[in-house]
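Peer 1: Starting from the known structure of chain L, arrange chain V on it as the hints suggest.
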Amino acid sequence: MTTLTAPARNAEPRPRFFDLCAAEWIKVRSLRSTSWVLTLSVLGVIAINVNAVHSDFPYIDGPHPRMPGWPPYHYDALFHGLGMIPADLFMITTGSIGAITLFGEYASGMIRTTFAAVPDRRSVVAAKVTVVTALMLVAGTIASTGSFFLTNAMLASRHVGLSISDPGCLGAVAAYALIAPVSALVGIGLGAAIRHATATIVALVGTLLLVPLLFQGDRFRWVKEIGNALPKSALERLTYNPDSNSVLGKYPPSITESWIVFGGWSLVAVIVAIAVVNRRDV
Amino acid sequence: MSTTVRCLAGVADGSVGHVIEVNELTKRYGSTTAVNGLTFTVRPGHVTGFLGPNGAGKSTTLRLILGLNEPTSGTVTVDGHRFRGHPRGLRHVGALLDAADVHGGRSATVHLSALARSNRIPLRRVDEVLQEVGLAEVARRRIGGYSLGMKQRLGIATALLGDPPVLLFDEPLNGLDPEGVLWVRGLFRRLAAEGRTVFVSSHMMSEMEHTADHLIVVGRGELIAAESLSEFAARGTRVGVTVRTREPAALADLLTAEGGSVRADPDGSLAVTGLDADRIGELALEHRILLQELAAHSASLEEAFMQLTADSVEYLAGESR
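Residue numbers (this note's numbering), protein chains in the order written: chain L, 1 to 282; chain V, 1001 to 1321.
In short, the hints are calculated from the structure, not lab data. Computed from a predicted model, the values in this text were never measured in an experiment. Do not rely on the hints blindly, as some may be mistaken.
[Stated by the list, open to error] Partial chain L-side listing against chain V, Cβ under 10 Å, derived:
hint, residue
1, Glu12
2, Pro13
3, Ser30
4, Gly104
5, Ile111
6, Ala116
7, Ala117
8, Val118
9, Val124
10, Arg195
11, Asp218
Every residue gets a Cβ at the ideal spot worked out from N, C-alpha and C, and that includes glycine.
Just chain L, with the same shape it has in the complex (with noise of 0.2 Å):
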């Protein structure tokens, strides 16, 4: 082929990972909606913690009298500064942004443009999973160490706070940032399973939300095991105060299961897309 070599116009340049992350970063900012969303989710489940904090500061300055059997008083600033509502909204809302990433592009049909332009699908998909990882770091992170430090700030006052060196405090934190990556990324490996908004959001609330309920009882071991298997059993154990007066109940995961379980659906949910996207008809 002496005839390609001459012109300049058609020099190819190497192809790089980093131009199709910037390409989907370009994808995603540009739609409000997203970022609307996830504003808005990352500020309302601060603003729940807040609110839940503040709703208790009566109780807390109340008389305790002492319950016979039960150790005294003791207030659970990570219970109630990290909590479980705003945790279910927030992985509700990170997981349909990260589904949406992705069934987006097949319910417009923009994924044929999009594989025209980059035949290369696995990179495609591990683009959209490294912008969509990322930007669920920094709104997880925001969301949890602002719950965190501002309910905790408040609770200076009642010197019931706690600092993020206190046990169990700065993973806690970590995990309840964590639950938005993972949660997205779940949301990507259904959205290219099933690839049809509804459906996708109707599993996506199921897996993270509606299945960890039918699994909670510990008459049966296997059941509890199962439940234990899942994000949100997880981030309840990692959010779990060592200093608490509540107890874990029947086969608790340990904290390295529970970290296994984040890393295990998040590896699980991105193989599944990169596989069905990369095998499938478009």
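Peer 2: Okay, now just chain V, sitting in the frame of chain L:
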């Protein structure tokens, strides 16, 4: 335009580059066969029309060329390579498959910037192609608010982004106004003249008549014809002659005896096939029959196309029942 010269030089060197080769291509979706044993070649330097009625397998074939769908069997290569083997595509093949394959929430500038960035194409190229297709003024508006014609222009801009040697367009004239149609025709001819391979699908012969110089005609996923426009015009439909005379019965007998086939039309004229106008004139003169009108007419390309594809549709529909 310096690129023009260089491209033409490339083709003149006898390079076989930039050829689309479709070989025994078959694609089935469940029990439906969208493309069946299709074989053809699209060469550079021409606008090649890809014609067929709706559902003939044109869009499927274009998707197979781009590796968006995997063939059930057979191969398709561009420039000797499977398209999916390229890490980045825009500098190899530019394509407009469906103008709606965009996200309505983005602006044209953002849409093209993301694509350019993914292929390491300098961002100034985005402004260039937007200028070229006439969208520069609306480039920052949401694509969702564009008309179909504007979306077609954006799709063409996308195809041009990487300045590729091979271009695919699926029904690019849909939704364009007459000025747009003229512009697109000129653009396609220019791209071909620059030595590029231009492959344009359509279900309307009339659209291709003034644009393409080669045709690939498919029906129900199978190849019907692959030839130049003039060859295509000459096939498929018999050429007829209209004759008007005061002695139609005598002339009809005469022409039938000579091997012609004659039909008397209600207006008194004769429609003759199987004999050309010269021979009919000679016969009339020999037998001293006065002709008032002698007009040869060939079928239009549209008729040729309709007849060919109608045959294929009937035949295959009957078979599949």
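Peer 1: Look at each hint and say if it fits the structure.
Peer 2: We went through each hint and held it up to the structure:
For glutamate 12 of chain L, the suggested interface contact is upheld, since its CB lies about 5 Å from the closest CB of chain V, less than 10 Å. A least Cβ separation of about 5 Å between proline 13 of chain L and chain V falls short of the 10 Å threshold, and the interface hint therefore holds. Interface restraint check: serine 30 of chain L against chain V, minimum CB-CB distance 4 Å, threshold 10 Å, status holds. Look at glycine 104 of chain L: its Cβ gets to within about 7 Å of chain V, closer than 10 Å, so that hint holds up.
Because the smallest distance between the Cβ of isoleucine 111 of chain L and any Cβ of chain V comes to about 8 Å, under 10 Å, the interface hint for this residue holds. With a least beta-carbon distance of about 5 Å to chain V, the hint placing alanine 116 of chain L at the interface is held under the 10 Å criterion. Evaluation of the alanine 117 of chain L hint against chain V yields a held restraint, the C-beta minimum of about 5 Å falling below 10 Å. Against a cut-off of 10 Å between C-beta atoms, the interface hint on valine 118 of chain L holds, since the closest Cβ of chain V lies about 5 Å away.
With 10 Å as the threshold, the beta carbon of valine 124 of chain L comes within range of chain V, its nearest partner Cβ sitting at about 8 Å, so the hint holds. The interface hint given for arginine 195 of chain L is violated, since its Cβ lies 14 Å from the closest Cβ of chain V, which is over the 10 Å cut-off. Because the beta carbon of aspartate 218 of chain L sits about 47 Å from the nearest beta carbon in chain V, more than 10 Å, this interface hint is broken.
In this structure, the hints that do not hold are numbers 10 and 11, in rising order.
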